[in-house]
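Undergrad: Chain by chain, the residues run as shown.
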Amino acid sequence: METLHTVLNRGCSIWDRERVSEDEFRGRLGHVRRGMKERDVDLLLVYGDSRRFGQLAFVSHFMPKNRGALAVIPRQGEPALVVQEPSRNNPFSKTLTWIDEVRSVGQFAQGLGDALKARELKPKRVGLVSVQEQLNIREWNGLAKLLDSAELCDLSDFLASLRLVKSPAEQNLLKETNRILEQALARFEKEARVGQKEYEVMALVEREARCQGVEDFRFLIARSSEPEVGLRPAAPFPIRKGEALLVAVAASYQRYWAELGRTFCLGSPSQELVRSYNLAKGLFRKLVDSIKVGSSDTAKWLLEIPSPAVKMCLESYGLGNGVGLELDEAPFLGREGAGKIQPGMVLTLRVCLAGKECGSALISQPFLVQHDGLQPLATPVEELVLVES
Amino acid sequence: MAHNQSQIPAPVQAKLRSLQEAMKRDGLSALLFYSTGQLSMLEVNPVLWLSGVLPMGPNAGVLLTDSCDATMLISLSWDQGRVRRQTWIHEVRVAERFADAVQDLVQQKSVQGKVGIVGWAFMPAALYQSLQRVLDGRVEVADPILSTLARFPGRESLPALQRAAELADSGFSAILQKAKIGMPEYELAAEVEYAMRSQGAEDNFGMVTASDHSHCTHPPADRRIQPGDIIIAEITPAIEGHFVQLCRTAVMGPASPLLREKFTILEEAMEKSLAQVRVGKKAGAISRVMNEVFTAHGYEKYCRPPYMRVRGHGLGFLSLPFSEIVDENEAVIEEGMCFVVHPNQYLPETGYLMLGDTVLVEANGPRRLTRTPLKLFTVED
Numbered sequence: 000m001e002t003l004h005t006v007l008n009r010g011c012s013i014w015d016r017e018r019v020s021e022d023e024f025r026g027r028l029g030h031v032r033r034g035m036k037e038r039d040v041d042l043l044l045v046y047g048d049s050r051r052f053g054q055l056a057f058v059s060h061f062m063p064k065n066r067g068a069l070a071v072i073p074r075q076g077e078p079a080l081v082v083q084e085p086s087r088n089n090p091f092s093k094t095l096t097w098i099d100e101v102r103s104v105g106q107f108a109q110g111l112g113d114a115l116k117a118r119e120l121k122p123k124r125v126g127l128v129s130v131q132e133q134l135n136i137r138e139w140n141g142l143a144k145l146l147d148s149a150e151l152c153d154l155s156d157f158l159a160s161l162r163l164v165k166s167p168a169e170q171n172l173l174k175e176t177n178r179i180l181e182q183a184l185a186r187f188e189k190e191a192r193v194g195q196k197e198y199e200v201m202a203l204v205e206r207e208a209r210c211q212g213v214e215d216f217r218f219l220i221a222r223s224s225e226p227e228v229g230l231r232p233a234a235p236f237p238i239r240k241g242e243a244l245l246v247a248v249a250a251s252y253q254r255y256w257a258e259l260g261r262t263f264c265l266g267s268p269s270q271e272l273v274r275s276y277n278l279a280k281g282l283f284r285k286l287v288d289s290i291k292v293g294s295s296d297t298a299k300w301l302l303e304i305p306s307p308a309v310k311m312c313l314e315s316y317g318l319g320n321g322v323g324l325e326l327d328e329a330p331f332l333g334r335e336g337a338g339k340i341q342p343g344m345v346l347t348l349r350v351c352l353a354g355k356e357c358g359s360a361l362i363s364q365p366f367l368v369q370h371d372g373l374q375p376l377a378t379p380v381e382e383l384v385l386v387e388s
Numbered sequence: 000m001a002h003n004q005s006q007i008p009a010p011v012q013a014k015l016r017s018l019q020e021a022m023k024r025d026g027l028s029a030l031l032f033y034s035t036g037q038l039s040m041l042e043v044n045p046v047l048w049l050s051g052v053l054p055m056g057p058n059a060g061v062l063l064t065d066s067c068d069a070t071m072l073i074s075l076s077w078d079q080g081r082v083r084r085q086t087w088i089h090e091v092r093v094a095e096r097f098a099d100a101v102q103d104l105v106q107q108k109s110v111q112g113k114v115g116i117v118g119w120a121f122m123p124a125a126l127y128q129s130l131q132r133v134l135d136g137r138v139e140v141a142d143p144i145l146s147t148l149a150r151f152p153g154r155e156s157l158p159a160l161q162r163a164a165e166l167a168d169s170g171f172s173a174i175l176q177k178a179k180i181g182m183p184e185y186e187l188a189a190e191v192e193y194a195m196r197s198q199g200a201e202d203n204f205g206m207v208t209a210s211d212h213s214h215c216t217h218p219p220a221d222r223r224i225q226p227g228d229i230i231i232a233e234i235t236p237a238i239e240g241h242f243v244q245l246c247r248t249a250v251m252g253p254a255s256p257l258l259r260e261k262f263t264i265l266e267e268a269m270e271k272s273l274a275q276v277r278v279g280k281k282a283g284a285i286s287r288v289m290n291e292v293f294t295a296h297g298y299e300k301y302c303r304p305p306y307m308r309v310r311g312h313g314l315g316f317l318s319l320p321f322s323e324i325v326d327e328n329e330a331v332i333e334e335g336m337c338f339v340v341h342p343n344q345y346l347p348e349t350g351y352l353m354l355g356d357t358v359l360v361e362a363n364g365p366r367r368l369t370r371t372p373l374k375l376f377t378v379e380d
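Protein chains in written order, with numbering that gives the first Met the number 0: chain A, 0 to 388; chain B, 0 to 380.
Some hints here could point you the wrong way.
[As the list claims (entries may be wrong)] Straight-line C-alpha distance at most 25 angstroms; calculated PhoX-like pairs for lysine-lysine:
hint	chain 1	residue 1	chain 2	residue 2
1	B	K23	B	K113
2	B	K177	A	K189
3	B	K14	B	K177
4	B	K300	B	K271
5	A	K196	B	K177
6	A	K93	B	K300
7	A	K310	A	K285
8	A	K174	A	K189
9	A	K280	A	K291
[As the list claims (entries may be wrong)] Chain A stretches covered by chain B per the calculated footprint, using a threshold of three residues with CB under 8 angstroms from any CB of chain B:
hint	stretch
10	85 to 96
11	154 to 162
12	221 to 231
13	321 to 332
FYI, nobody ran anything at the bench for these hints, they're computed from the structure. Quick reminder that beta carbons are idealized off the backbone N, C-alpha and C, glycines included.
The shape of chain A in the complex, shown without the other chains:
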């Protein structure tokens, strides 16, 4: 699920080699190069920016802190990383990636040009991943000029396909991110008080997550008292007794993301709120049941929902998606062309009802797809979370 971007990735910024080794990346490089060979591509460029860097992190583990970076992968020899940043940041950037050659530049064309020159490489066919979709037009014009004698092809889908099924190391990282996030979200239940401003309790949850080493943290809230407004950043509005508070949190740890969504109520919930939550609970169970290895149509059950408002809300927020190096990545459940569910995928499943005609409830949980079913990666929370007021 999308959230509000932050101007700087400012949490714990390291490469934990014990959790994700250089061997893991070299293995990925092997797969990438096989794909390049099959497609007769002699150079692959993979771009990421501070908002979206999953493809880049997959090949480099690098996390741009506030601008962007470009991985340069020739068919043979070592890759390079070109980072748009002041040169004095170079030593720190090197600590965030397994790639030795890190070039800190003002403009990408300069860095790429130098990297190609160092390799005496004049590529004939260049594969692009997330380059034109994310790199701004000014920088792209520079790159295009540099590569004007090469044929360009988009390989974003190819790289995305390599990311669908998570390796054991990735699964472990995702479990860890979920553990941290669960612990942080438990703070909401512990600390929320009537009269407290939304951002006050958000800050407590965020601190918990950041003190455990997350790189980035996101928080969205929606309230049953304002059904016309959906999930949004925390505001100075005081928390009130008896209303539903839909809280969606997300965090990344060693580049791997997790999303959790819960519904809280301070004090006793109204009958309407309980009804709304029970509806969401039932829908969530249907959603979980629909996720089977080999299935691709995971939203057929939506047709059985009689309420157009509920259906629209579910479709708007999405029933869920893959989660890994991006908070929302393939497969996007319920969307055309989502592809088959495979063992090893990690999914966020989500039921969000936020609106006058569909009530207020949020359940969002992560699962690892296994051959024999779904394994929850966070403690399943079936019930509305009642907070003593």
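Dock chain B against chain A, hints included.
TA: Positioned in the frame of chain A, the structure of chain B alone reads:
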């Protein structure tokens, strides 16, 4: 104008008038204010500036015709409620395919001539190429219009700027209160973040680094704070879209005579550069005087890359007087401008040290917005 004037806040009405004049002057039939979801503290966010809403999702825009008819385009259907609550713009549409949505809108609004893109510099290449195609090449770069109009935060922004400054002070205080030997860097950064977020900071361009010798400031790592470490902090909270930056240095334990001696150079550079912040002077003078101070103390080599880049800059999201304070900056300082002045400096004997403040230019000189003293701090464990 197409909207009910009485429902549009006065500052927005003034913007609309200026934009209408700019379109007439530049021969444009419409302006497309554009933002990706990637936010930058060093830029004016075009969509926020006009619509009053910080964009969420991959693409957001406002199409404004030359008759000041405005339509907002957003990516996320579930975000409509927040957007409608915050913006003065009545017509808000969800655009799954942004370029196509712009094309439809341009046709519906009978925009016949050129469309200026405000936010072109950060527009993804693929989107720009699509817009060129769907609008038959009738697209022009219009970023300079916003650069000209958004140079000042405006008097109405002073309470927000002041509040952000108070939060920056709180953030630095948290370092003095919370820094402990053995604490990982990221935990200290989390405390700084908490100190500000718990008081309403909407975002923070914040870096906290603790080392015996830093080469620059960077996001925190997992190094544990040790006695004698120099903690450098760049703290930049935002309130209502306005960022205020504070740069300071603290040392764990007593400061060595060497450190004190070297820090006085930064203090001298700060004092002399603030004396250059005067209406009518050029921004480059601020940088030049800082470099003169460091050069006089034998650090000329360290005033250039890879050690140094800029000596200050504007702060987004809602105004930017000029981009960077470097020697060559010929921009004239005017009353009402707001920017950060920071003689942060790498010195070979101590590593990177930081000192800097955000100032508001007044008729008789700069007003520092924060209250944290301009000095070297020590933390007693």
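Undergrad: Against each hint, give a clear statement of whether it holds in the structure.
TA: The hints, checked one at a time:
no. : hint            : result
1   : B:K23 x B:K113  : holds, 11 angstroms
2   : B:K177 x A:K189 : holds, 23 angstroms
3   : B:K14 x B:K177  : violated, 44 angstroms
4   : B:K300 x B:K271 : holds, 20 angstroms
5   : A:K196 x B:K177 : holds, 24 angstroms
6   : A:K93 x B:K300  : holds, 24 angstroms
7   : A:K310 x A:K285 : holds, 13 angstroms
8   : A:K174 x A:K189 : holds, 23 angstroms
9   : A:K280 x A:K291 : holds, 19 angstroms
10  : 85 to 96        : holds (count 8)
11  : 154 to 162      : violated (count 0)
12  : 221 to 231      : holds (count 6)
13  : 321 to 332      : violated (count 0)
The earlier numbered hints that this structure contradicts are 3, 11 and 13.
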